[in-house]
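**Q** Sequence:
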Amino acid sequence: MTLIGIGDTLQRRVLVNATDLNNIRIMANKIQPIFPKIQEEFEFKLIPVVLTPTLAPEIDLAFTRKFCDVTLITAPSSTFGWWLSYLSKEGSVTYYRNIMETQDKVANEMKEDDFYPPEWIKLRYDNVTGRIDTFF
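Taken in order, the sequence shown gives residues 17 to 152; the numbers are from this note's numbering.
FYI, nobody ran anything at the bench for these hints, they're computed from the structure.
A hint or two may mislead.
Keeping only pairs whose Cα atoms sit at most 30 Å apart, straight-line, the calculated DSSO-like set for lysine-lysine is [as the list claims (entries may be wrong)]: (1) K127 - K105; (2) K138 - K127; (3) K105 - K138; (4) K82 - K105; (5) K138 - K82; (6) K138 - K121.
Quick list of the computed label-pair ranges, beta carbon to beta carbon [stated by the list, open to error]: (7) V109 - Y141: 30 to 36 Å; (8) D129 - A91: 18 to 24 Å; (9) A78 - R147: 19 to 25 Å; (10) G146 - P73: 18 to 24 Å.
Just so it is clear, CB atoms sit at the ideal spot from N, CA and C, and this is done for glycine as well.
Assemble the whole structure, with the sequences as input and the hints as a guide.
**A** Structure (structure tokens):
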């Protein structure tokens, strides 16, 4: 089966990141009968993803508090992201983006030690390899 065949079968457009064919993702509302074949053919992992239906902040906070084992703050100065992570499920792990790698206007105004708890894990992006790693 080819990626084109998968797209035809799922009646979806298949998008491929040409720089890394190991990171192909197919998103669908339901696990369809073709997915086991895709998983077998391409050694895909099926990772369940849940989107909150209303997109209401209070629902997101409550959902995170009850169900999320990991949070990721992609907007490093986001107060909503900060509270979402801070109030998340007990024992959850929080990753956050290195604010110095962004164009965020407050990057030079905030002191990271005051903003992020020490147990949160800072991530860095390598512009050369495209990899995301923990910050050392």
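**Q** Among all the numbered hints in the text so far, which are the ones the structure does not match?
**A** Violated hints: 7, 9, 10; rest satisfied.
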